[in-house]
Amino acid sequence: MKLRNTKYVLLLVAVSVFLTFSLGWAQKEFKLKEGATGNLCLQCHEGLQEKMKKPFVHSPLAEGDCTGCHNPHTSNYEMLMASPKESICYTCHDSVVPAEAKSVHKVVAEGECILCHDPHASDNKFNLLKKGSELCYECHQQLADQIKESKYGHPPVREDCLGCHEAHASNSNTHLLKDSVPGLCLECHETDKATFKKLHRDYPVEQADCTSCHDTHGSSEAAMLYNNVHEPVAKRNCERCHADPASSQPFALKAPGSETCLACHYEMITDVLNQNHIHWPIVDKKGCVNCHTPHASPEKKLLQKPMLGLCATCHADTLARQERATTKHPPIAEGDCGACHLPHGSDNQFILKEDSVIDICADCHEWQTHSTHPIGPDYTDPRNKNVTVQCMSCHRTHGNENKMFIYFSTANELCVQCHVGFRR
Amino acid sequence: MSVFGGNLMGKLSILTIIMLLNCFFAIPSFAENLLKIKYLQTVYDDERPTQTGLSHPEGVACTDDYFVVADTDNNRLVQYTFADKVVKAGEVDLPINTPIVVQVNSKGVIYGLDGRDRRILKLKADGTEQEYLSPKGNPVSRKMVPRSFKIDKNDKVYILDISDEVVLILDSAGNYLRHIPLPEQSGFFSDLAVDKQGTVFLVDSTEPGVYSAAQDADKFTLLTKGLEEYVNFPTNIALDSRGSIYLVDKHGGSLALIGRDGSFLGHRFGYGWKESQFYYPAQLCISEGGYFFVADRSNSRIQIFAAEEE
Numbered sequence: 010m011k012l013r014n015t016k017y018v019l020l021l022v023a024v025s026v027f028l029t030f031s032l033g034w035a036q037k038e039f040k041l042k043e044g045a046t047g048n049l050c051l052q053c054h055e056g057l058q059e060k061m062k063k064p065f066v067h068s069p070l071a072e073g074d075c076t077g078c079h080n081p082h083t084s085n086y087e088m089l090m091a092s093p094k095e096s097i098c099y100t101c102h103d104s105v106v107p108a109e110a111k112s113v114h115k116v117v118a119e120g121e122c123i124l125c126h127d128p129h130a131s132d133n134k135f136n137l138l139k140k141g142s143e144l145c146y147e148c149h150q151q152l153a154d155q156i157k158e159s160k161y162g163h164p165p166v167r168e169d170c171l172g173c174h175e176a177h178a179s180n181s182n183t184h185l186l187k188d189s190v191p192g193l194c195l196e197c198h199e200t201d202k203a204t205f206k207k208l209h210r211d212y213p214v215e216q217a218d219c220t221s222c223h224d225t226h227g228s229s230e231a232a233m234l235y236n237n238v239h240e241p242v243a244k245r246n247c248e249r250c251h252a253d254p255a256s257s258q259p260f261a262l263k264a265p266g267s268e269t270c271l272a273c274h275y276e277m278i279t280d281v282l283n284q285n286h287i288h289w290p291i292v293d294k295k296g297c298v299n300c301h302t303p304h305a306s307p308e309k310k311l312l313q314k315p316m317l318g319l320c321a322t323c324h325a326d327t328l329a330r331q332e333r334a335t336t337k338h339p340p341i342a343e344g345d346c347g348a349c350h351l352p353h354g355s356d357n358q359f360i361l362k363e364d365s366v367i368d369i370c371a372d373c374h375e376w377q378t379h380s381t382h383p384i385g386p387d388y389t390d391p392r393n394k395n396v397t398v399q400c401m402s403c404h405r406t407h408g409n410e411n412k413m414f415i416y417f418s419t420a421n422e423l424c425v426q427c428h429v430g431f432r433r
Numbered sequence: 005m006s007v008f009g010g011n012l013m014g015k016l017s018i019l020t021i022i023m024l025l026n027c028f029f030a031i032p033s034f035a036e037n038l039l040k041i042k043y044l045q046t047v048y049d050d051e052r053p054t055q056t057g058l059s060h061p062e063g064v065a066c067t068d069d070y071f072v073v074a075d076t077d078n079n080r081l082v083q084y085t086f087a088d089k090v091v092k093a094g095e096v097d098l099p100i101n102t103p104i105v106v107q108v109n110s111k112g113v114i115y116g117l118d119g120r121d122r123r124i125l126k127l128k129a130d131g132t133e134q135e136y137l138s139p140k141g142n143p144v145s146r147k148m149v150p151r152s153f154k155i156d157k158n159d160k161v162y163i164l165d166i167s168d169e170v171v172l173i174l175d176s177a178g179n180y181l182r183h184i185p186l187p188e189q190s191g192f193f194s195d196l197a198v199d200k201q202g203t204v205f206l207v208d209s210t211e212p213g214v215y216s217a218a219q220d221a222d223k224f225t226l227l228t229k230g231l232e233e234y235v236n237f238p239t240n241i242a243l244d245s246r247g248s249i250y251l252v253d254k255h256g257g258s259l260a261l262i263g264r265d266g267s268f269l270g271h272r273f274g275y276g277w278k279e280s281q282f283y284y285p286a287q288l289c290i291s292e293g294g295y296f297f298v299a300d301r302s303n304s305r306i307q308i309f310a311a312e313e314e
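Residue numbers (this note's numbering), protein chains in the order written: chain A, 10 to 433; chain B, 5 to 314.
Honestly, the hints are just simulated from the structure, not real lab data. One or more of the hints may lead you astray.
Within a straight-line C-alpha distance of at most 25 Å, the following computed DSS-like cross-link-like pairs (lysine-lysine) qualify [claimed, not checked]:
no.: 1; chain 1: B; residue 1: Lys42; chain 2: A; residue 2: Lys394
no.: 2; chain 1: B; residue 1: Lys140; chain 2: A; residue 2: Lys294
no.: 3; chain 1: A; residue 1: Lys295; chain 2: B; residue 2: Lys42
All figures in this text were calculated on a predicted structure; none of them were measured in a lab.
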C-alpha cells in the first residue's frame with residue numbers, strides 16, 4: 010500500500026516538475042516577465058479572451074502556454090506557428106493514428122486537423138467545429154444528401170457517423186470502420202430470426218459482406234439495396250449463380266469466372282469472345298467481376314465504381330497523364346472512357362469503337378473532319394510510310410503537358426516534324 | 005598504431021586493395037550500363053510484288069539468321085531471312101487469326117498465339133503441318149487462356165495462363181512438366197521470359213514490376229522496387245544473352261533496361277513515328293548474337309537494332 014502511494018506521489022511530482030519546467034522554459038527562452046506567459050499575448054489578442062469563455066478550451070491555451078504552438082517573434086509558417094501546421098498537433102497528440110492503422114482519415118493523414126477542430130476553443134466536445142454528423146457533412150456533402158433524401162434510411166447513420174466510423178483512423182478495418190463487416194452489422198441485426206433467414210434464402214449471409222448488396226448509408230431501393238440491382242438478386246434467385254444454401258460451400262459459384270455469367274449473358278459474352286482484340290481481364294480467373302459487382306451497385310451497369318476510377322485501377326498511367334494535362338479531354342475528364350473504347354473487346358486496335366480514329370473523333374469534332382489539315386487514308390504520314398495522317402498523329406488523346414495535347418510544346422515544333430522544309 | 009598511420013608501403017597496399025575491390029564491384033554494373041543499341045533497319049512490308057504492308061504487328065520471334073513476324077491485322081505470320089544483316093522475305097504466308105505472340109524453337113517449328121481464339125498454333129516453316137498446342141497431363145488447367153508464352157533453349161514451352169493463374173511448363177511434345185502459381189497481391193501479368201538457367205521472369209503491366217522464380221522454385225518473388233516511377237505500362241519482357249532484362253513500355257514508347265538485381269538502369273528510344281522511335285510497341289525479341297527486333301505495333305513495322313559494347 011505504502012509502495013503504491015509512493016508511486017503516485019512520485020508521478021505527481023514528476024508531472025508538476027515537467028509543467029513547471031516547460032512553462033519556465035518558455036519564460037526563459039523568450040525572456041518573459043514573471044507570470045507573463047499567455048497573459049501577455051491576450052493583451053493584444055483580445056478576441057481570444059472572448060473565445061476562452063467557451064466551454065471547451067484547448068489545454069495549452071487554458072494553461073497560458075501560447076508558445077507551445079506559436080513562436081512569438083518569427084516563424085517560417087503561417088500564424089507564427091512553431092512548426093508546420095501538418096505536424097504541429099502530432100507534437101502532443103502522437104497516438105491519434107496507430108502505427109499499423111488499416112485506414113486513416115485523409116484529413117488526418119494530411120495533418121489538416123483544423124478542418125474539424127478549433128485549436129483554441131469551441132462550444133463542442135473535443136474542440137470540434139460542429140456537432141455530430143453535421144461536421145462530417147461539411148466535406149461529405151454528396152453522402153449527406155443521400156442520407157437525408159433516401160427513401161429507406163439507416164437509423165444509426167442518420168443519428169451519428171461515429172456510430173460506425175472512427176474519426177481519425179481504424180486499426181484493423183477499412184473505411185475507418187470500428188469493426189469489420191459483417192461484425193459491425195451483427196451488433197444490431199439478429200440473423201437467427203426466421204424472417205431474416207427467409208429474406209436471405211437461408212444463405213449464411215452472417216458470414217458474408219453485407220455491403221455487397223446493401224447500401225449502408227440508405228437507399229431508395231427496398232431493403233436498402235444499392236440503386237442498381239442485378240436481376241437474380243432482385244428476384245432473390247441466388248441459386249442461379251451460387252451453390253445450394255445447405256451445401257458445404259453455399260457461396261461457391263456454379264461455374265468459374267465468366268462462365269457463371271455466360272448462363273444469362275450468353276449472346277453478349279460469345280460476341281465479345283469472338284472479337285479480334287479482347288479486354289484481357291474478361292478471360293482471366295476473376296472474369297466479369299474484375300469490373301462488375303455481381304449483386305448490386307450504386308453505379309449503372311453494376312460497375313464496381315465510377316468508370317474513370319475503375320479503368321484507372323489498371324490504367325493509372327493513363328489517368329495520371331490526363332491529370333497532368335494542360336488541356337483536359339472532356340470524355341476522360343468526365344469519366345466516360347466508353348465514349349471511344351468498347352470495354353469488353355473490339356475488332357479494332359486499342360479496343361476502339363470504330364476502325365477509324367477519325368470517325369471516333371468526329372462524334373464530337375465533326376467540323377475538324379472536313380475543315381482541317383489533310384487527314385485520312387489518302388494521306389501518308391511523311392515520318393512513316395505505313396501509317397496515314399489522322400487525329401492521333403498530332404494529338405495524344407489522353408492528354409499531355411502541352412496545350413490541345415499536341416506532342417510538342419509549340420505548334421511550330423509539331424508541324425516541322427513532317428514539314429521539314431520549314432524547319433528553322 | 006592506426007591502420008592509416010603506418011609507412012608509405014602499407015598505405016599504398018591498403019589503397020590498392022580498396023581500388024581493386026571497387027573495380028570488382030563496379031565493372032559488372034558499369035558494363036550493363038554501357039550497352040549501346042544501334043539502329044540497323046526497318047521492315048515495312050512483305051517485299052513481294054504486291055508489297056503488302058505490315059499492319060499492326062504485335063509479335064516477332066528471332067534467331068541470328070531469320071525472324072518471324074506476327075502480322076496481326078493481316079492475320080498471318082511472315083518469315084524473313086536475316087543473313088549478313090540483309091533482310092529478305094520468305095515466299096509463304098502462314099495464316100493465323102490475329103496473331104499476337106510468335107516464337108520459334110530450336111528445330112524451326114513456329115508457335116503463334118491466336119489472339120481471337122486464344123490458342124497456340126504450332127506450324128512448320130513451310131506451313132505444311134499445323135496443330136494447336138494442347139497440354140497433355142496437365143493437372144491444373146481447367147480452361148487454359150494463354151496471355152503469352154515463351155520457348156527456352158531446350159524447347160520447353162512456358163505458358164502464361166491467366167485463367168488458372170499459373171505459368172505452365174511443358175516439354176517440346178506438350179507434356180506437362182510443372183507449374184508455378186502467379187503471385188498474389190499483384191496487378192495483371194502480360195508476358196514472361198526465361199533465361200539460360202531456367203529462371204522465369206514475369207512482367208506486371210498494371211502495377212509495374214518484374215517477378216522472378218529460379219529453376220525449380222515453386223513461387224515468384226518481386227525483383228524490382230518502385231518500377232512504377234520509371235515505366236508506364238510494360239507489356240513485354242525479353243532477356244539478352246548476358247541476362248539483362250528489357251521491358252517494352254507500351255504506353256511510354258520505349259525499352260526499359262532492368263539490371264539483374266532489379267534496379268532500373270534507364271530507357272532506350274522513345275515515343276514517335278520516325279525510325280528509332282516506337283508508337284505503342286508490342287514485342288521485343290533479342291537474338292543470341294545481340295540483334296534486337298521490335299514489333300512496333302502502331303507504327304505497323306518491325307525495327308531491327310544491334311547491340312554493341314561501347
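**Hint consistency between B:Lys140 and A:Lys294 [alpha-carbon to alpha-carbon, up to 25 Å]** = 21 Å, holds
**Item:** Holds or violated: A:Lys295 to B:Lys42, with C-alpha atoms at most 25 Å apart
**Value:** 43 Å, violated
**Message:** Would the hint linking B:Lys42 and A:Lys394 be met if the CA-CA limit is 25 Å?
**Reply:** 22 Å, holds
The structure fails to meet hint 3 from the earlier list, while all remaining hints are met.
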